[in-house]
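Whenever a hint applies, use it, and build me the whole structure from the sequences.
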Amino acid sequence: MSDDPNTYGFSDPPPPKRRYVPQRRRSRFDEYDEPTNSSAVEWWSFDWFWPALLAAGMLWVGLGLPAMKWPVVGLVLAAAGLLVAAFGQFYLYMLIREQDGWQQAMLAYLFRWHRMLYLHQNIEITLKPTVLSVVGVLMTFTGVGLFLLGMRPKP
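With the first letter of the sequence shown counted as 1, position 81 gets the number 169 in my numbering; the numbers rise by one all the way through.
It is possible that some hints are incorrect.
As the list claims (entries may be wrong) - Label pairs and their computed distance ranges (CB to CB):
(1) G238 x M146: 17 to 23 Å
(2) R240 x V164: 16 to 22 Å
(3) F137 x M204: 51 to 57 Å
(4) M204 x M146: 29 to 35 Å
(5) W201 x P243: 48 to 54 Å
(6) G238 x P139: 29 to 35 Å
(7) H208 x V164: 31 to 37 Å
Source of the hints: derived by calculation from the structure; they are not laboratory data. Note that beta-carbon positions come from the ideal geometry of N, C-alpha and C, so glycine has one too.
So, in structure tokens, the structure goes:
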């Protein structure tokens, strides 16, 4: 072998030096991390049952007591009950959309038989909106009843 630098040698040039970069520590839950949602998605995914039930109870008592003295407030209580029942239905459709998509929510909205079938098959999902709707209907009956009792002629 010659010592001439331009001649071919049997050994390859030394590999470049590798820089050490430590790997990120991974936990066993990393594969289950959910992507961050926008604030609008987080707002809609909030569980509105307990705040709505608390507000309905406060309205029921807060409007029911004055309705015994002033019957017209009973009609306001009935209207508030209808709003609570409507919110219960809206909450039901939002939960259906969250669980099974827009197609199931639209079917439940358009066809009563599909809504009843969905309510029976998914009771763990639909119990909260059903309770809100029932509370709204009871508020409506209470308001109308207090209005009619207050409007009856006094002897």
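Exercise. Lying within 29 to 35 Å: is that true of the beta-carbon distance G238 to P139?
Worked result: 31 Å, holds
**Study point:** G238 versus M146 beta-carbon gap, inside 17 to 23 Å or not
**Key:** Holds: the Cβ-Cβ distance is about 21 Å, inside 17 to 23 Å.
Quick check on a hinted range of 29 to 35 Å for M204 and M146, using CB atoms only. For M204 and M146 the Cβ distance comes to about 31 Å; the hint holds.
Taking the beta carbons of R240 and V164, is their distance inside 16 to 22 Å? 19 Å, holds
Q) Taking 51 to 57 Å as the hint, is the beta-carbon distance of F137 and M204 inside that range? A) 21 Å, violated
Exercise. For W201 and P243, compare the CB-CB distance with the range 48 to 54 Å and indicate the outcome.
Key: Since W201 and P243 have Cβ atoms about 50 Å apart, the given range 48 to 54 Å holds.
**Prompt:** Using the C-beta atoms of H208 and V164, is the stated range 31 to 37 Å upheld?
**Reply:** 35 Å Cβ-Cβ, so the 31 to 37 Å window holds.
Hint 3 from the earlier list is the only one contradicted by this structure; the remaining hints agree with it.
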